[in-house]
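Participant: Residue-level listing of the chains:
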Amino acid sequence: MFRAVRDFFAARNVLEVDTPLLSPFAPIDVHIDILETEAIAQQTGYLHSSPEYGMKKLLAMGSPDIFQLSHVYRQGEIGPKHQIEFSMIEWYRSHFSFAQLIEETYQLCLLFLDNLPLETLRYAEAFQKTHSLDPFSCSLQELRARSCELGLESPLEEKESYLTFLWDAVENSLGDHCITCVTHFPGSQAALAKTTTENGINYASRFELYHKGIELANGYHELTDPLEQKHRFVLANQKRVALGKKPLPIDEELLQALKLLQNQDFFGVAVGFDRLMMLRHKTMEIRDILPLCW
Amino acid sequence: MAQVNTNDFKSGMKVEVDGEPYTIVGAEFVKPGKGQAFTRTKLKHLISGRVIEKTFKSGEKLDLADVEEKTMRMVYREQEHIVFMDDISFDQLSVPLSVIADKEKWLKEDILYDIVFYKGSAVDFTPPTFMELLITETAPGVRGDTASGRVLKPALLETGAKVQIPIFVEEGEKIKVDTRTGEYVSRV
Chain G
1 MFRAVRDFFA ARNVLEVDTP LLSPFAPIDV HIDILETEAI AQQTGYLHSS
51 PEYGMKKLLA MGSPDIFQLS HVYRQGEIGP KHQIEFSMIE WYRSHFSFAQ
101 LIEETYQLCL LFLDNLPLET LRYAEAFQKT HSLDPFSCSL QELRARSCEL
151 GLESPLEEKE SYLTFLWDAV ENSLGDHCIT CVTHFPGSQA ALAKTTTENG
201 INYASRFELY HKGIELANGY HELTDPLEQK HRFVLANQKR VALGKKPLPI
251 DEELLQALKL LQNQDFFGVA VGFDRLMMLR HKTMEIRDIL PLCW
Chain B
1001 MAQVNTNDFK SGMKVEVDGE PYTIVGAEFV KPGKGQAFTR TKLKHLISGR
1051 VIEKTFKSGE KLDLADVEEK TMRMVYREQE HIVFMDDISF DQLSVPLSVI
1101 ADKEKWLKED ILYDIVFYKG SAVDFTPPTF MELLITETAP GVRGDTASGR
1151 VLKPALLETG AKVQIPIFVE EGEKIKVDTR TGEYVSRV
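Chains as they are written, first to last, in this note's numbering: chain G, 1 to 294; chain B, 1001 to 1188.
For reference, chain B alone in the conformation it holds in the complex (with noise of 0.2 Å):
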């Protein structure tokens, strides 16, 4: 397996530590009084997003973890799986919803989504920061109900996702939507 010196230690590395998967978020040399030197890191667990510290000696090395990222497109859904699609290779694979988890608001077809394999099976997975989406339903707007600022109210939109729009936005039109909080940013 390829491995990486701790002095090419890099933000954003995957390296294997106790068999476990792990972004390097940070490092860094330190030489306490006339002894040998060590590489601090701050280390993010690639699947469950916990921090650690650890410590090594420096010029040691690491496995590099057999991480791979990739855009796939969705194509469709099963019972307990999505379906994707490599646009280069047309590979399809399927992604089990508990990797998707609480994502699975944002999934459209014929979107591209990013996601992390781990020797070889999806561990994360990510969708576009922006999505284009049509609100499937809302209440009409109320008019002047607006004096205090900005009044919101709820609408449902066609991937299932529930997000605050401002109440001029009615039924049927599509809105731009930031995926990472759920806000609504403009119409489209």
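Next up, chain G with everything else stripped away, as it sits in the complex (with noise of 0.2 Å):
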């Protein structure tokens, strides 16, 4: 399937590179936690959780459209879905539409699953199917309960973790018989995407795969303003202090990379080849297909 994915990319155009795993930045994300060593004396080494800024430097040095394909690091994640060491296809294409970077990971995911259609929902749409609320209108207290009935024990700081932990219950529920595109995810889960506004309403110009429950991609209409950028990591670390974590140190390199690509358009897309060997493979759980793992 490696050779599979290369010979996909091949036939696109698309370069393959290879960034380093590991490095002095570290990527900053309030909920993923990252693993560290001390690479040389006095100076702290972080194993990347995606590639994602070691390829946004290259594509600032001018690369054309790129993929890696790549093994990443989340400390503490070990579940039926979730390895701390797993392997991702990242891509990015410029001169490239949103929709046609959603049909083009759709293309992907079908090398290794059979011949399933694609279908396209909201965010709150899907919310609304699973939880008969809407995300974006309802009330905190509308979400606490729901959530309580669903058996969450512990009280959440906010409306984003409630948004959250409700979700993992629509997940669970999309692409039952096809590939389910998730689109308009609330602004406030924009991670290193750009953001719009449709009706008074923020959203995350983003998308998400899924299939028999799964995540299986995260796709961005990549955000280029170094500004914005670096406000978003400064509001993830005082997001972090808050919940006890450490801050981590704001990549400059990056920043500095987003500056030469600030007037220019990419669409970037992560998918979790593991996920796509479980389905592949028809089994629910990470391991079946990892034999050497945590």
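Keep in mind that the hints were calculated from the coordinates and are not lab data.
Ideal placement from N, C-alpha and C gives every residue a C-beta, glycine not left out.
Among the clues, some could well be false.
Stated by the list, open to error - Negatives, chain B to chain G, calculated, CB over 10 Å:
no.	residue
1	Gln1003
2	Leu1046
3	Asp1063
4	Glu1069
5	Thr1071
6	Asp1086
7	Asp1091
8	Ser1094
9	Leu1097
10	Glu1109
11	Ile1111
12	Ile1135
13	Ala1139
14	Arg1180
15	Thr1181
16	Glu1183
Unchecked claim - Below, simulated DSSO-like cross-link-like pairs (lysine-lysine); rule was C-alpha separation at most 30 Å, straight line:
no.	chain 1	residue 1	chain 2	residue 2
17	G	Lys212	B	Lys1042
18	B	Lys1162	B	Lys1103
19	G	Lys245	B	Lys1057
20	G	Lys246	B	Lys1010
21	B	Lys1061	G	Lys246
22	B	Lys1042	G	Lys245
23	B	Lys1042	G	Lys129
24	B	Lys1042	G	Lys159
25	G	Lys159	G	Lys245
26	B	Lys1014	B	Lys1044
27	B	Lys1054	G	Lys159
28	B	Lys1014	G	Lys245
29	G	Lys212	B	Lys1054
30	B	Lys1061	G	Lys159
31	B	Lys1174	B	Lys1105
32	G	Lys239	B	Lys1061
33	B	Lys1010	G	Lys212
34	G	Lys212	B	Lys1044
35	G	Lys239	B	Lys1054
36	G	Lys57	G	Lys194
Since each chain sits alone in its own frame, please combine them into the complex, following the hints.
Facilitator: This is how it looks when you write it as structure tokens:
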């Protein structure tokens, strides 16, 4: 399947690259914990949680459309669908559209799966189907009441956390007999994507693909505004501190790279290789396809 | 009180949720979308046996339930209690018959039983899986009645348990019984 993926990109003229796994900068996300090590005396090295930052730096140096098949690391994530170390297929496209990227990602998934149809849903529609609540207009009390019904024991800090918890039940219902593409995520879940405003609601320019309740892909209309990006990093670090986690060093090289990319449109997507393999081999346990794992 | 982090949840752990003792029967890491991680658990109530599903934030801590399991030897029977002894400390304590409930029929002096204590009082009681017991009452076997296969007859054991035994086994014999099902296993 590694070869099938490489052939897929070769046929589309997308160049394979290989960025370092270990770097002096850390990807910053409130809810992703990074593995670190003492790389050289008294200097911490961070194992990347996705090749995103490195690849964007290459784009800024003038690389054409690129892809990478990379191992990535996330501390403490062990479960039926999670491993600390796993494989990601990530690629970037310029002179492309959001719809084209969705179509291309869907085609890549079909390398692993039977010929399934693609269904597109908005985040709010999917949420409503499972919980009969509009995620954008409902109150914190309504979210809390629904979470309690589903056995949530912990009190959560904010609306965002309740949406995340409730999203788990939504995910499980997605893509039973098709591949489901979810778009129009809340603006607060943009991560490294651009946001758009429609009828007064802020949306992330982001999509995710699901099959049989498993998240397979996460695509962005990439944010290339270095100031906005820095602002999101600072915010994420503040939230990390509030949760009792360590703040992480901001990748100034990435911000420099974004400066060079500022007026360009890029689309990028990450696909979970191991999860596609799970579905290919009809198992709901990631361990079944990773004989050497945690 | 000792606590346990959701990351260290293991099946068989005894934890306290809403002031009630539960055994963890399953724990799973879930991380929906881009958000925070949760631990989804299946919990079995230590006393009622009811199974519920609860989800906790990853990294959260729960109190370990004050639960102790002891193997104790039955000494004698009182009106509403059974007195057991700890073989090591020689401590004696009495367990109300209400806790022993329908397992009363497996009570025999000098046998070791597993008893679960929650906050110092007995809440669960388990006899040995197999016990060797004397048949105190059964009708004599009638020969020539075995054509239809394995034919059973009722018998009363020394502990008061009523079991079905093969017709060739007689009063005064000792048999091995499975206390989970009350089924005859073999002659001893």
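Participant: It remains to establish, for every hint, whether it holds in the given structure.
Facilitator: Now for the hints, and whether the structure bears them out:
The claim that glutamine 1003 of chain B is not at the interface with chain G holds, since no C-beta of that chain comes within 10 Å of its own (minimum 14 Å). Annotated as non-interface, leucine 1046 of chain B keeps its C-beta farther than 10 Å from every C-beta of chain G; the closest such distance is 17 Å. With a minimum CB-CB distance of about 13 Å to chain G, aspartate 1063 of chain B clears the 10 Å threshold, and the non-interface call stands. Distance check on glutamate 1069 of chain B: its Cβ is at least 25 Å (rounded) from any Cβ of chain G, clearing the 10 Å threshold; non-interface status holds.
With 10 Å as the threshold on Cβ separation, the claim that threonine 1071 of chain B sits away from chain G holds: the shortest Cβ distance comes to roughly 33 Å. No Cβ of chain G comes within 10 Å of the Cβ of aspartate 1086 of chain B; the nearest lies about 36 Å off, and the non-interface call holds. For aspartate 1091 of chain B, the requirement that its beta carbon stay farther than 10 Å from each beta carbon of chain G is met, with the minimum near 37 Å. For serine 1094 of chain B, the shortest C-beta to C-beta distance to chain G comes to about 36 Å, beyond the 10 Å cut-off, and the non-interface label holds.
Once the 10 Å rule is applied to beta carbons, leucine 1097 of chain B is consistent with being away from chain G; the minimum gap is 35 Å. Listed as a non-interface residue, glutamate 1109 of chain B keeps its Cβ farther than 10 Å from every Cβ of chain G; the least gap is roughly 44 Å. Every beta carbon of chain G lies more than 10 Å from that of isoleucine 1111 of chain B, the smallest distance being close to 40 Å; the non-interface claim holds. Taking the minimum C-beta to C-beta distance to chain G, about 49 Å, the non-interface status of isoleucine 1135 of chain B holds against the 10 Å cut.
No Cβ of chain G approaches the Cβ of alanine 1139 of chain B within 10 Å, the least distance being about 53 Å, so the stated non-interface status holds. Distance check for arginine 1180 of chain B against chain G: the nearest CB is about 30 Å away, which clears 10 Å, and the non-interface claim stands. Residue-level check passed: threonine 1181 of chain B sits 33 Å from the nearest beta carbon of chain G, beyond 10 Å. Look at glutamate 1183 of chain B: its CB is around 36 Å from the nearest CB on chain G, clear of 10 Å, so calling it non-interface holds up.
In summary, the hint linking lysine 212 of chain G to lysine 1042 of chain B is supported, as the alpha carbons are separated by about 22 Å, within the 30 Å threshold. Note on lysine 1162 of chain B and lysine 1103 of chain B: the hinted pairing holds, with a Cα-Cα distance of about 12 Å set against a maximum of 30 Å. Of the pairs offered as hints, the one joining lysine 245 of chain G and lysine 1057 of chain B holds, with about 14 Å between alpha carbons and a cut-off of 30 Å not exceeded. For the suggested pair lysine 246 of chain G and lysine 1010 of chain B, the alpha carbons sit about 27 Å apart, so the restraint of at most 30 Å is met.
Restraint check for lysine 1061 of chain B and lysine 246 of chain G: the C-alpha separation of about 19 Å stays at or below 30 Å, so the hint holds. With a C-alpha separation of about 28 Å, the suggested pair lysine 1042 of chain B and lysine 245 of chain G falls inside the 30 Å cut-off, and the hint holds. The straight-line distance between the Cα atoms of lysine 1042 of chain B and lysine 129 of chain G is roughly 26 Å, inside the 30 Å bound, and the hint therefore holds. Distance check on the hinted pair: lysine 1042 of chain B and lysine 159 of chain G sit about 25 Å apart at the alpha-carbon level, within 30 Å; holds.
In summary, the hint linking lysine 159 of chain G to lysine 245 of chain G is supported, as the alpha carbons are separated by about 20 Å, within the 30 Å threshold. Between lysine 1014 of chain B and lysine 1044 of chain B the CA atoms are separated by roughly 9 Å; this keeps the pair inside 30 Å, and the hint holds. The suggested pairing of lysine 1054 of chain B with lysine 159 of chain G holds, with an alpha-carbon distance near 20 Å, which does not exceed 30 Å. About 28 Å separates the Cα atoms of lysine 1014 of chain B and lysine 245 of chain G, which keeps this hinted pair within 30 Å; it holds.
Taken as a hint, the lysine 212 of chain G and lysine 1054 of chain B pair is honoured in the structure, with Cα atoms around 23 Å apart against an allowance of 30 Å. Between lysine 1061 of chain B and lysine 159 of chain G the CA atoms are separated by roughly 22 Å; this keeps the pair inside 30 Å, and the hint holds. For the hint pairing lysine 1174 of chain B with lysine 1105 of chain B, the CA-to-CA distance comes to about 16 Å; that is within 30 Å, so the pair holds. Between lysine 239 of chain G and lysine 1061 of chain B the alpha-carbon distance is near 20 Å, which keeps this suggested pair within the 30 Å criterion.
Distance check on the hinted pair: lysine 1010 of chain B and lysine 212 of chain G sit about 27 Å apart at the alpha-carbon level, within 30 Å; holds. A distance of roughly 29 Å separates the Cα atoms of lysine 212 of chain G and lysine 1044 of chain B; the hinted pair therefore holds under the 30 Å criterion. Distance restraint check for lysine 239 of chain G and lysine 1054 of chain B: the Cα-Cα separation of roughly 25 Å lies within the 30 Å cut-off, and the hinted pair is therefore satisfied. For the proposed pair lysine 57 of chain G and lysine 194 of chain G, the alpha carbon gap of about 18 Å is at most 30 Å, so the pair holds.
Checked against the numbered hints given earlier, this structure breaks none of them.
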